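Trainee: Given the sequences, and given the hints that come with them, work out the whole structure.
Number of protein chains: 2
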Amino acid sequence: MKKKLSVLAFTLAIAGAAAPAFAQQQYAKAEDAVHYRRGAFTLLGYHFGSLGAMVQGKVPFNSAQAAIDGDVIAIASKLPFHAFVEGSDKGQTGAKPEIWKEQAKFTDLRDKMQAEVAKVSAAAKSGNLDNLKAVFGAAGQSCKNCHDNYRRRL
Amino acid sequence: MKKKLSVLAFTLAIAGAAAPAFAQQQYAKAEDAVHYRRGAFTLLGYHFGSLGAMVQGKVPFNSAQAAIDGDVIAIASKLPFHAFVEGSDKGQTGAKPEIWKEQAKFTDLRDKMQAEVAKVSAAAKSGNLDNLKAVFGAAGQSCKNCHDNYRRRL
Chain A
9 MKKKLSVLAF TLAIAGAAAP AFAQQQYAKA EDAVHYRRGA FTLLGYHFGS
59 LGAMVQGKVP FNSAQAAIDG DVIAIASKLP FHAFVEGSDK GQTGAKPEIW
109 KEQAKFTDLR DKMQAEVAKV SAAAKSGNLD NLKAVFGAAG QSCKNCHDNY
159 RRRL
Chain B
9 MKKKLSVLAF TLAIAGAAAP AFAQQQYAKA EDAVHYRRGA FTLLGYHFGS
59 LGAMVQGKVP FNSAQAAIDG DVIAIASKLP FHAFVEGSDK GQTGAKPEIW
109 KEQAKFTDLR DKMQAEVAKV SAAAKSGNLD NLKAVFGAAG QSCKNCHDNY
159 RRRL
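These protein sequence lines are chains A and B, in that order.
Each number in the numbering used here comes from the position in the first sequence (counting from 1) with 8 added on.
Each number in the numbering used here comes from the position in the second sequence (counting from 1) with 8 added on.
Honestly, the hints are just simulated from the structure, not real lab data.
None of the values given here were measured: they were computed from a predicted structure.
Glycine included, each C-beta is placed from N, C-alpha and C at the ideal position.
Treat the hints with care, as some may be off.
Stated by the list, open to error - Examples of chain B residues lying across from chain A (beta carbon under 7 Å, computed): (1) 44; (2) 47; (3) 51.
As the list claims (entries may be wrong) - Quick partial rundown of chain B residues pointing at chain A, CB under 8 Å, derived from the structure: (4) 46; (5) 48; (6) 50; (7) 117.
Mentor: Spelled out as structure tokens, the structure:
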């Protein structure tokens with residue numbers, strides 16, 4: 009029993025946030041929320057970029073890699089938005105304060121991006137590069153729309 | 009056409025790594041690899057911790073959240089290991105240099121962790137807290153085995 013508790017304590021420690029309210033995606037500190045969403049955006053950007061390199065012909069189309077990329081972007085596009093919590097506009101973040109002042113617009117751009125990324129995910133998993141080319145540009149634009157308004161480079 | 013290319017250029021820029029060889033999970037700079045694997049471990053830790061809080065009774069069991077957690081940990085447990093590339097033992101990383109000297113042991117611990125996390129993922133998605141409790145401790149131990157050997161706190 010002692011060993012089990014110690015593993016659980018370890019688990020909470022590595023998660024970097026003492027519960028309560030994990031399940032509601034809350035954070036012990038605002039910087040934990042920043043760290044979390046940066047993690048999600050890093051994976052989203054990397055795997056979207058991986059597909060972009062195939063679309064652009066910089067690397068050969070690889071259906072196995074595309075399927076992984078498709079899985080990752082589908083999930084990663086949904087995760088970070090719970091983490092724009094109050095007070096997390098400070099520190100190591102590229103999020104502009106306008107996000108918290110223009111929630112309706114930000115949410116609208118989020119929804120559009122998620123819809124476009126879902127199309128790219130499906131196309132990436134279809135194993136057909138032409139499918140991917142057909143939907144990639146609009147998804148890239150949907151990322152850019154938000155970055156242009158709400159992201160500054162660190 | 010010009011617009012399309014510009015979105016593609018943007019895509020590669022946000023991915024933070026100029027191809028070639030995205031699909032082979034290579035990185036323009038070693039610090040990109042560090043950033044990528046930290047992103048994956050952050051999501052893994054957070055969502056594993058979310059399940060841990062339910063197992064421990066710190067938050068009520070929430071089957072919808074558990075299903076999301078299960079999806080994320082299944083993917084996130086597989087992603088970071090491609091990113092322990094040569095030269096990425098420096099900078100903002102908690103990875104100990106022993107990783108690159110003890111590849112067989114590191115790989116073995118990785119495989120065991122991934123197998124245990126797959127069990128937790130399935131249990132999390134079953135909607136049954138008892139299933140989750142039955143497999144959670146061993147998975148936590150499998151994380152800890154690697155951290156004890158190969159991770160230092162930043």
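Trainee: With reference to the structure, classify each hint as holding or not holding.
Mentor: Outcome of the hint check:
1. 44: Nearest chain A Cβ about 6 Å off; hint holds.
2. 47: 3 Å, holds
3. 51: 5 Å, holds
4. 46: 7 Å, holds
5. 48: Holds: closest Cβ of chain A sits about 6 Å from residue 48 of chain B, inside 8 Å.
6. 50: 3 Å, holds
7. 117: 15 Å, violated
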